[in-house]
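*Asks:* Below, each chain spelled out in residue letters.
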Amino acid sequence: MVLIMTVVSLVLFSLFETDKLAVAGKVLGPYSTTEQREIWLEKNDYNEPFVFRYAGWAGNAIQGDFGQSIQLRVPVADVLWPRLANTAILAVVVFAVMIPLSLTLGVLAGLKEGSFQDRAISTVSVITTSVPEFASATLLSAIFVFWLGWLPGTSAMTSGFRLDEIVLPASVLIIYGFGYIARMTRASMAEVMTSPYIRTAILKGLPYRRVVFWHALRNALITPFTVIVLHLNWLLSGVVVVEVFFAYKGFGKLLLDASLFGDIYVIEACTLIAVFVAVASQYISDLGYTLLNPRIRFK
Amino acid sequence: MGLKKSLEYISESRLAMIGLALVLFWVVLAVIAPLLPLYDPNTSLEAFKKPLAEAKDGATYWLGTDHKGRDMMSRVIFGAQRVLIWATMATGIAYFFGILMGLVAGYVGGWWDEIISFVSNVLLSFPVIVLYIVIIAYLGATGFNIVLAVTFASAPGIMRIVRGLVLDLKTREYVFAAQSRGESAFFIMLVEILPNARGPLIVDACLRLGYTIITIAMLGYIGLGLPPPDPDWGKMIAETQPLGSFAGHMAIVPAVAISSLVLGFNLLADGLREISLRD
Chain P
1 MVLIMTVVSL
11 VLFSLFETDK
21 LAVAGKVLGP
31 YSTTEQREIW
41 LEKNDYNEPF
51 VFRYAGWAGN
61 AIQGDFGQSI
71 QLRVPVADVL
81 WPRLANTAIL
91 AVVVFAVMIP
101 LSLTLGVLAG
111 LKEGSFQDRA
121 ISTVSVITTS
131 VPEFASATLL
141 SAIFVFWLGW
151 LPGTSAMTSG
161 FRLDEIVLPA
171 SVLIIYGFGY
181 IARMTRASMA
191 EVMTSPYIRT
201 AILKGLPYRR
211 VVFWHALRNA
221 LITPFTVIVL
231 HLNWLLSGVV
241 VVEVFFAYKG
251 FGKLLLDASL
261 FGDIYVIEAC
271 TLIAVFVAVA
281 SQYISDLGYT
291 LLNPRIRFK
Chain V
1 MGLKKSLEYI
11 SESRLAMIGL
21 ALVLFWVVLA
31 VIAPLLPLYD
41 PNTSLEAFKK
51 PLAEAKDGAT
61 YWLGTDHKGR
71 DMMSRVIFGA
81 QRVLIWATMA
91 TGIAYFFGIL
101 MGLVAGYVGG
111 WWDEIISFVS
121 NVLLSFPVIV
131 LYIVIIAYLG
141 ATGFNIVLAV
151 TFASAPGIMR
161 IVRGLVLDLK
171 TREYVFAAQS
181 RGESAFFIML
191 VEILPNARGP
201 LIVDACLRLG
211 YTIITIAMLG
221 YIGLGLPPPD
231 PDWGKMIAET
241 QPLGSFAGHM
251 AIVPAVAISS
261 LVLGFNLLAD
271 GLREISLRD
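Protein sequence lines correspond, in order, to chains P and V. Numbering-wise, the working numbering puts 202 at position 202 of the first sequence, and it's gapless, one number per residue. Numbering-wise, the working numbering puts 208 at position 208 of the second sequence, and it's gapless, one number per residue.
Any given hint could turn out to be false.
[What the hints assert, rightly or not] Computed from the model, here is a short list of chain V residues facing chain P with C-beta under 10 Å:
#: 1; residue: V27
#: 2; residue: I93
#: 3; residue: V130
#: 4; residue: I161
#: 5; residue: T215
#: 6; residue: L226
#: 7; residue: P254
#: 8; residue: V256
For the record, the hints were derived by calculation from the structure and aren't laboratory data. Every residue gets a Cβ at the ideal spot worked out from N, C-alpha and C, and that includes glycine.
In isolation and in its complexed conformation, chain V is listed as follows (with noise of 0.2 Å):
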């Protein structure tokens, strides 16, 4: 599907319509945080400057500075950079695994579905926030443990959508053509079943990017978050909440900014859900 097309298949959906805006706005202003003339969002200024008070050097501070008298604005936009550049990476990655296992489960089968189901359900039985904890804990709070910890999270939950998917598409005609042919199971796997899977599974993506995101950022917030000093929405809630009562723009901020965001997201997907459903 061509980007023309994919406008217009969105736009039959006002939810989706806005939801896209949002996500957009956000996706932009991460794209272009270098290029805005910006303070560096980890340099201290002027501390607790409430919003839109006048700077030193006769700028703006447009959503005033925090605790630390670094610039709101520009630590909101490169935390949205950064939020969106783990997020995107942790939920590819979960994605990755998810769909592989899934091919393999649904297509093959058999004891590879027996093994692969059953460790799964071992993966779900944790309550995701426990499965984040205990990993983290253990193997430390970085970059990397973020996303393994996302993808032994998500990636079961990926796994039994595309089985289930996987099930019902196997048993197409085209599916026999291919087998008929003599394709091999691979090919079949991703030539033939997965473009065919793609609906329920860009719907699922939406949702469980913004839910990423929101991971990323509670883990900021309760300390097990990506390390500092590069700012993190979580991180900034966490350290400027006992200061609310006579600076509450500093937490406040970074609240709004994430709920818009993952609000993008889900409206996005209830959107496409709404568009699919119709056709």
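For reference, chain P alone in the conformation it holds in the complex (with noise of 0.2 Å):
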């Protein structure tokens, strides 16, 4: 993890900082002369080796300073940390609807293989799974703010936070998201099911409810677990796109903003946050599925 971390910021420091005049040009604007850029790069130790900067870097960015935003004049830690709560908060919405849904579906779904109740889930599931973000969000507004009125069309938050403005960009994530946690859970419910020791269960005579949710649930749900941890990374794709859809003020939007601005510091520290998000719930899952399933418990 912490070897992936340093040449994940290695590969960014030297794909944005090699070239020192272009930073300079980048931060100074593009109708500063040569001089001016050579000035600054001197008073901000750019004429350092690189191996230099890059530590000097790396240590400032770990203690939660990313240097200064070039197109907000601020600070990056000033909007970067308020604009991933709110992520957060969108994600966290998110997570306590779509994970206790697609469970329910896809232990339901897995039950029994083949009957009706799996077929229907399983192709909703790829319905759902086939319309992109923007789609979705393109057809949810037309319903419900053009044509029925009842839902606000942007989650701007302008005035503090509100509840129905978290109703549709959380709603387009979990129809998109759901499916895939229901089919793995399916998949792996449907496992179960056939296993001897429930057919054991079952033929001891035990009630049918206590099978399920005593002897074949636990075993059922270690693989969603995985699913549903690494699934953060996988939202964030949908998390830019929403947040572009409903201008909502969110980690997705700054990091896209300041690549379309081409304002590298908050890229940087974007990019890092959203990596090290990505590995520690990689990282997270291993433990945990080393934890709950203790067939391939290491020694």
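Make one complex out of these two single chains by using the hints.
*Replies:* So, in structure tokens, the structure goes:
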């Protein structure tokens, strides 16, 4: 994990900051002269060897200092954390609805493979996973914003946090995301239900309810757990689109705006955070999987 | 497998047939688009016409026109052509590199495996959207760079699948037979192993094509996509979304178009997987 973060940060740093004059040009604007840029470089310790610069930058980044945003003229940390918190709120709402929903549907579908409820749930989940976020956002807002007029079409949260503004962004992400988890749960549940120990439990005469809740679920939910944790990574793509669509002031919009403007310090900070979250969730999922499944516990 | 046999194979699953029909619908439209009696997709005619409205020259705007007065039907069909061409190209190139790396990592193994797997892990640790944004922000939004970004994002995943399949296949007798005949590693990888790994790869390719189509449209939506003015489904939604209150069709038409095409690929992949599990 530390190794991957080091490599990623090194790649990122060399990608954006190897050409020192270009960095100065970004900060001082396209009309600055070469002399002005060189003075700026001298002032900001940019003339040290690459390794020292990288070490200094990485050291500051670990302490939460990502430099000054070029576009917004404030420290990157000042915009980064509130934006990240907004996205976290969105993510919490999404997960709070999506996990129970997809697990329930997956378990119901996996209980009896090939049954009507299995086919219905599977078909619905294929369809919803095929509709990209910007398409479902278009369709949902056509219905609920423009036709019925029930919900606001933007979620800028200008007058503080409002629940009705988060309904549409969250639904879009849930609709796109739940199908995948439900399908994983279904596959896992279906496999468990055909295993010998379930047959034994049923033949022993245990009530079906108890077999499902006590024996089957515990093993069937191991795979979905890892899928859910890894879903954080996947959710981010949707988050960018949804935040753009609904003008929600979150992390994804910040990264996108920064990259459209060429605000390298914000791009670097956002990328580092995103990769960190992704790598950490990978690590948690591996760890959780080993804890939950004794068969693959390493010595 | 011949065409007729493939069709018989696919017809075993209703899901696969529906998926194939949806995909073929768009592919055929995209191929014959230049022959259809359509307006030019980039010419301004009359703005904000509703679907089925009558045009000045007596023809009909079947799907209406957009805010710049361009015919929606023409834009959607030419948009299909564009997204299909780029998505197929990007997925194809990603597959080329993914298969190459997977074969080498799985069959040759050793240090090659270590290096290829490590590079793949680094790339896979990026959330895909961040990879796209960083690559395209750094290099600029051109078709070539989008293909490059898709390759970087997909090849590691393909490599993992191929590597896993190769590790299994290389212990088979026919590989030993080829080895004792003295065939080169190159020959064994391409002629003995790769054709036998095709089943799961075809299923994965269908899913990935659908996902690449979403990606290209999504990049168009967030403003990092293929350059205008040629129609791009994502861009069409982005441009017309603020006008949804009085001309909703402008964003709904491309939204339905992309959903049906991607659904086609996903159903096809699902059906193929179902058939292969049944055998």
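*Asks:* Give a verdict on every hint.
*Replies:* Hints, one by one, checked against the model:
1. V27: violated, 17 Å
2. I93: Since the shortest Cβ distance to chain P is 21 Å, the answer is violated.
3. V130: With a minimum Cβ separation of about 5 Å from chain P (threshold 10 Å), the hint on V/V130 holds.
4. I161: Violated: closest Cβ of chain P sits about 16 Å from V/I161, beyond 10 Å.
5. T215: holds, 8 Å
6. L226: violated, 15 Å
7. P254: holds, 8 Å
8. V256: holds, 8 Å
Hint check: violations occur at hints 1, 2, 4 and 6; the rest are consistent with the structure.
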